[in-house]
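My request is simple: use the sequences and hints to build the entire structure.
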Amino acid sequence: MYAAGASHYYVNEVSRLQDGQLIPMCWVVFRGKVWADMFTITLDEQGEATVVDQKTIFICAEDLRDNYYALQYTGELPKWGALTIEVGHPARMPNPKCIIAAGCPLYSSFIDYFSDDVSGNKLKSWNKHWNAYMIHRNLPRQILQQEFHVHFVSTSPNASVSEQFCEFKQAVEETHTNPVETRDEAGNTSCFCIYINASPSDNPMQSEVSAHIGDSDKLTTQRLNWGLLCGNPDKGDSVQYNLSGWCPLHPVAPYSNSKCRAGVPQTKELTPGKLKKQVKMACSGVIKHVKDLQTETGVKDVYTQFYIDGLISRFKSIRKDEPNRTVEDIEAELIQRTVNNGDNIYSPFFAMKGVFFNSSLYSVASER
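Just so you know, the working numbering puts the end of the sequence shown at 442, numbered straight through with nothing missing.
Please note that a few of the clues may not be correct.
What the hints assert, rightly or not - With a straight-line cut-off of 30 Å between C-alpha atoms, the simulated DSS-like cross-links for lysine-lysine are:
(1) Lys362 - Lys348
(2) Lys351 - Lys427
(3) Lys390 - Lys427
(4) Lys171 - Lys107
(5) Lys351 - Lys362
(6) Lys171 - Lys243
(7) Lys394 - Lys427
(8) Lys202 - Lys243
(9) Lys348 - Lys243
(10) Lys354 - Lys427
(11) Lys243 - Lys153
(12) Lys129 - Lys153
(13) Lys354 - Lys365
(14) Lys350 - Lys362
(15) Lys390 - Lys354
(16) Lys390 - Lys362
(17) Lys394 - Lys354
(18) Lys129 - Lys243
(19) Lys171 - Lys129
(20) Lys350 - Lys390
(21) Lys427 - Lys243
(22) Lys348 - Lys365
(23) Lys427 - Lys348
(24) Lys354 - Lys243
(25) Lys153 - Lys202
(26) Lys129 - Lys427
(27) Lys350 - Lys394
(28) Lys202 - Lys394
(29) Lys153 - Lys171
(30) Lys350 - Lys365
(31) Lys394 - Lys365
(32) Lys171 - Lys202
(33) Lys427 - Lys171
(34) Lys394 - Lys351
Rather than coming from a laboratory, the hints here were simulated on the basis of the structure.
Given below as structure tokens:
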């Protein structure tokens, strides 16, 4: 959002310059002033408007004259053409954030959230616990790394990193519908929403957050999906992964060999699918099958493992207390339980929108 006095301009909303209409898409501070990447709007002979979204133009925000609500009040909102409606531009107007702002300037605060395990305290005695910190990314770059701007969030000798993040995530997401109100330098009311920008933890912690099993995996696993995939299994070729960039099957031409191509990167959409498969397998009561799957895929989450162990124990308990029940019946009961409690079983890191914790996994694997 860009505030020009009482006029507030939001992304995805049609606005008007002195000489035409456009849609701001991204605000940028350039040479001390607010600018924006914007889509232009053209009118055809029938007076229908089309958003030219193939490219953007760079416009200073000071040149904006009327925002969406000013155009709506004067009845000057354009009549959209069929193609623009099909793409969905009008459906994003007005910006939902404008509604929850209730007339106040609304800003976005981006933070880096990161955790670390601490083994001792000031007395140098053994006292392992987990800490969480954050940095406000909206600050000028030259002061971001100063210790003064690294803020403590939480600590616990019992609650894991994922459990602590679960509470923090709830507080952050609450600001998306109920922004935090504050006062600006002039004493006027403004508000802001909080968004998580990144999780720059060290390598072991990043590995844990990404549900990476560590050193217990096989060669073709989660960490090595970032390497080269050599050979074409569809044509009967042997397949091998490697991280170095040099193909052991074709050592003469790294990267350029036609039989070598990039492997499939792990994403926060793929990893939960593998965890769900482990949870479903745990409902059968055989821990070995779960361990084999974890070793094969390289995916093992500390947070979900607690529930996997609980499912195994519950299966054994039911078999002992109710010997007449079939394995299939017990398994169906446990599967239904996991369906009903799905939000509690899986790490909140994978449910956070706009954050991709797997993106740092390559640096973890490359150290080995």
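Here is how each hint holds up against the structure:
1. Restraint check for Lys362 and Lys348: satisfied, since their Cα atoms lie roughly 16 Å apart, inside the 30 Å limit.
2. Taken as a hint, the Lys351 and Lys427 pair is honoured in the structure, with Cα atoms around 22 Å apart against an allowance of 30 Å.
3. Taking the CA atoms of Lys390 and Lys427, the gap is about 37 Å. The hint is violated against a cut of 30 Å.
4. Between Lys171 and Lys107 the CA atoms are separated by roughly 23 Å; this keeps the pair inside 30 Å, and the hint holds.
5. Distance check on the hinted pair: Lys351 and Lys362 sit about 14 Å apart at the alpha-carbon level, within 30 Å; holds.
6. Between the alpha carbons of Lys171 and Lys243 the distance comes to roughly 19 Å, so the proposed pair stays at or under 30 Å and holds.
7. Annotation: proposed proximity of Lys394 to Lys427 is violated, straight-line Cα distance about 42 Å (limit 30 Å).
8. Our distance criterion of 30 Å between C-alpha atoms is met by Lys202 and Lys243, whose separation comes to about 24 Å.
9. As the CA atoms of Lys348 and Lys243 are separated by approximately 23 Å, the hinted pair is consistent with the 30 Å bound.
10. Using a Cα cut-off of 30 Å, the hinted pair Lys354 and Lys427 holds, with the two alpha carbons roughly 25 Å apart.
11. For the suggested pair Lys243 and Lys153, the alpha carbons sit about 40 Å apart, so the restraint of at most 30 Å is broken.
12. A hinted pair counts as satisfied when its Cα atoms are at most 30 Å apart, and Lys129 with Lys153 qualifies at roughly 21 Å.
13. The hinted pair formed by Lys354 and Lys365 meets the criterion: a straight-line CA distance of about 13 Å does not exceed 30 Å.
14. Simply put, Lys350 and Lys362 have alpha-carbon atoms about 16 Å apart, close enough for the 30 Å limit, and the pair holds.
15. A threshold of 30 Å between alpha carbons decides the hint, and for Lys390 with Lys354 the separation of about 15 Å falls inside it, so the pair holds.
16. Using a Cα cut-off of 30 Å, the hinted pair Lys390 and Lys362 holds, with the two alpha carbons roughly 14 Å apart.
17. The hinted pair formed by Lys394 and Lys354 meets the criterion: a straight-line CA distance of about 21 Å does not exceed 30 Å.
18. Only pairs whose Cα atoms come within 30 Å are accepted, and Lys129 paired with Lys243 is rejected, the gap being roughly 35 Å.
19. For the suggested pair Lys171 and Lys129, the alpha carbons sit about 25 Å apart, so the restraint of at most 30 Å is met.
20. For the hint linking Lys350 to Lys390, the alpha-carbon distance of about 20 Å falls within 30 Å, and the restraint holds.
21. Taken as a hint, the Lys427 and Lys243 pair is honoured in the structure, with Cα atoms around 10 Å apart against an allowance of 30 Å.
22. Between Lys348 and Lys365, the direct Cα distance comes to roughly 12 Å. Compliance with the 30 Å bound is thereby established for this hinted pair.
23. Restraint check for Lys427 and Lys348: the C-alpha separation of about 19 Å stays at or below 30 Å, so the hint holds.
24. For the hint linking Lys354 to Lys243, the alpha-carbon distance of about 26 Å falls within 30 Å, and the restraint holds.
25. Straight-line distance between C-alpha atoms of Lys153 and Lys202 comes to about 63 Å, which puts the hinted pair past the 30 Å bound.
26. For the proposed pair Lys129 and Lys427, the alpha carbon gap of about 26 Å is at most 30 Å, so the pair holds.
27. Of the supplied pair hints, the one linking Lys350 and Lys394 holds, its CA atoms being roughly 26 Å apart against a limit of 30 Å.
28. Between the alpha carbons of Lys202 and Lys394 the distance comes to roughly 37 Å, so the proposed pair goes past 30 Å and is violated.
29. Note on Lys153 and Lys171: the hinted pairing holds, with a Cα-Cα distance of about 23 Å set against a maximum of 30 Å.
30. For the hint linking Lys350 to Lys365, the alpha-carbon distance of about 14 Å falls within 30 Å, and the restraint holds.
31. This hinted pair checks out: Lys394 and Lys365 have alpha carbons roughly 23 Å apart, not beyond 30 Å.
32. As the CA atoms of Lys171 and Lys202 are separated by approximately 42 Å, the hinted pair breaks the 30 Å bound.
33. Of the supplied pair hints, the one linking Lys427 and Lys171 holds, its CA atoms being roughly 16 Å apart against a limit of 30 Å.
34. Using a Cα cut-off of 30 Å, the hinted pair Lys394 and Lys351 holds, with the two alpha carbons roughly 25 Å apart.
Checked against the numbered hints given earlier, the structure breaks hints 3, 7, 11, 18, 25, 28 and 32 and satisfies all the rest.
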